[in-house]
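Q: Here is how the chains run, residue by residue.
Number of protein chains: 2
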Amino acid sequence: MFNNFLIIGCGLIGSSILKSSIKNKISKNIYIFEKSKKNRKTIRKINKKIKFISTLNEDLSKMNFIIVCTPMSEYKFVFSKLDRFVSEKSVITEVGSTKRNLLEFTKNKNLVLSHPIAGSEVSGPKFGNKDLFNNKWCILINKGITYKINLVKKFWKKLGSKVILMNAKEHDKIFAITSHLPHLIAYNLIKTAQDFQKIEKRNLIKYSAGGLRDFSRTAASNEIMWRDIFFNNKDNMINSINKFIQNLNFIKKKIRDKKDEEIKKILINSKKVRKQIIDSKQDVSKPDFGRQI
Amino acid sequence: MFNNFLIIGCGLIGSSILKSSIKNKISKNIYIFEKSKKNRKTIRKINKKIKFISTLNEDLSKMNFIIVCTPMSEYKFVFSKLDRFVSEKSVITEVGSTKRNLLEFTKNKNLVLSHPIAGSEVSGPKFGNKDLFNNKWCILINKGITYKINLVKKFWKKLGSKVILMNAKEHDKIFAITSHLPHLIAYNLIKTAQDFQKIEKRNLIKYSAGGLRDFSRTAASNEIMWRDIFFNNKDNMINSINKFIQNLNFIKKKIRDKKDEEIKKILINSKKVRKQIIDSKQDVSKPDFGRQI
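Chains as they are written, first to last, in the working numbering: chain A, 0 to 292; chain B, 0 to 292.
Don't take each hint at face value.
If several chains are the same, the list does not tell them apart, and a pair holds so long as it fits within one copy or across any two.
Stated by the list, open to error - Calculated lysine-lysine pairs in the DSSO-like style (CA-CA distance at most 27 angstroms, straight line):
1. Lys48 / Lys274
2. Lys200 / Lys274
3. Lys205 / Lys47
4. Lys251 / Lys75
5. Lys129 / Lys285
6. Lys50 / Lys274
7. Lys263 / Lys48
8. Lys37 / Lys252
9. Lys251 / Lys280
Hints listed in this document are in silico derivations from the structure and should not be mistaken for laboratory results.
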């Protein structure tokens, strides 16, 4: 597809793109810009032909395709370099989890915003996974030069993704509900359990198999990435937190008053969502009895 | 261990006890009382030697060991029969997820309260699992006749469980946090997503892989069982919901004001819980990239 392909930031997502790109023969040469020495050491073991670049300078001009996979809080620095050195013929994309905040960077005519819906609670290149994007959705933001959007689309499809276009505002609203709120709720639940442990001076951990355990996995996600997401999608976060609290107060009252039919209706209703999720192949129906220890 | 063993209510937990009891040679004869014709048909296929009883009557007097695995809302009916017909030499136990509300039944001198910390989002005997209790905690409530408590302890150990004793009040407080609140939160999150779908007239499901999906599994749990739990542990539920909302409002403010260090601290802190959970072998450290579809 390309002669010179550059990945800026090579953590979990960057290294998964790297591995998948090698597998799918995306580029003749693959360049990596990665600040962490420890990460570079891990990446070197993936493939000997990977070329490292240590500064973002005029060498950027030879790149055909650049993907930014750093935390969003580093975009300001990264794009100051990209705006300056990247050739007009190149295409740049990135993988940030919020989009409205990134529109300012799209003054760069090379840029197309994308968001692969894939990840894990772990971070760093040692967990890079060549099949991470396989059969997963990747959202492209429909803003920018058409042929560049099409090239980015082709790139993600080569990595196995299903691509869909939407606008940045829509994206941030949807993912506030399907991803950002769930993560915040998981963090908040763990915090509530920690508070309880402190007050009661009692270790809850060995009883966590009854539900808490599964939330703890989500709440072990990378703190820099999630801080960036929560801050960048602030308005939608606050709005969805408020709706969540409204609902929780509603359910609390129904429990207090033992409103049998109303509680049952709420509990039955969520099975519908589960069914939709399985029907749309976002999860398997196989029951979960806890992961094998 | 026994001559005559009776399981009352044979859904997911009852049928898992049944299968594990067969495997571990718990009793010469195993009797089942199960109201649902469909369930009985499924159970019959498990083992031909299982004997069904269709009414709870004087035949109960021949049972050495009885375990009640119905929803807690049926205990009133079940114990009216057990109190009447069960011999003084028998031992009765049950598997309800809340305990304080069951103390009234312990006027029955045969009864020992237990709570195996095992389950799944699915229900019914077709999901019965002979290894469900293997290496899982089972809580016994330290109230009743010592030798009967010891027998129940022996029973659960035979099924592979690790047994721990505590009092009913302690139990309900701990599990409000480690199990009941997480489930309620999962239900509430799905409700919030459903509300959003209705208002925005937009299907979110295909984007659920970013977090919502995992909550939907928990929120697909049996509605009768969970209604009973929420109602029976009402005070602890209300208390923990209030603490949860307090924390959520706190985090919301930190997001609104972009309090960098404070948010990072909260997010980093939950990794500690994750580490404890893995160290205490309640989960594996293997990263989760989504279940294979």
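Q: Please go over all the hints and tell whether each is borne out by the structure.
A: Cross-check of the supplied hints:
1. For the homomeric pair Lys48 and Lys274, neither the shortest alpha-carbon distance inside one copy (46 angstroms) nor that between copies (36 angstroms) is at most 27 angstroms.
2. Taking identical chains as interchangeable, the C-alpha atoms of Lys200 and Lys274 lie at most 27 angstroms apart only when they sit on different chains, with a minimum of 18 angstroms there against 40 angstroms within one chain.
3. In this homomeric assembly, Lys205 and Lys47 never come within 27 angstroms of each other (Cα to Cα): the closest approach is 44 angstroms inside a single copy and 37 angstroms across copies.
4. In this homomeric assembly, Lys251 and Lys75 come within 27 angstroms of each other (Cα to Cα) only across copies, at 25 angstroms, whereas the closest approach inside a single copy is 44 angstroms.
5. Taking the shortest alpha-carbon separations for Lys129 and Lys285, both the intra-copy value of 25 angstroms and the inter-copy value of 16 angstroms come in at or below 27 angstroms.
6. Within a single copy, Lys50 and Lys274 get their C-alpha atoms no closer than 46 angstroms, and across copies no closer than 35 angstroms, so neither meets the 27 angstroms cut-off.
7. With identical chains, the CA atoms of Lys263 and Lys48 are never at most 27 angstroms apart, being 59 angstroms at best within one copy and 37 angstroms at best between copies.
8. With identical chains, the CA atoms of Lys37 and Lys252 are never at most 27 angstroms apart, being 52 angstroms at best within one copy and 36 angstroms at best between copies.
9. Proximity of Lys251 and Lys280 under a CA criterion of 27 angstroms is satisfied in neither setting, with 33 angstroms inside one chain copy and 33 angstroms between copies.
Violation of the numbered hints given earlier is confined to hints 1, 3, 6, 7, 8 and 9; the remaining hints are satisfied by the structure.
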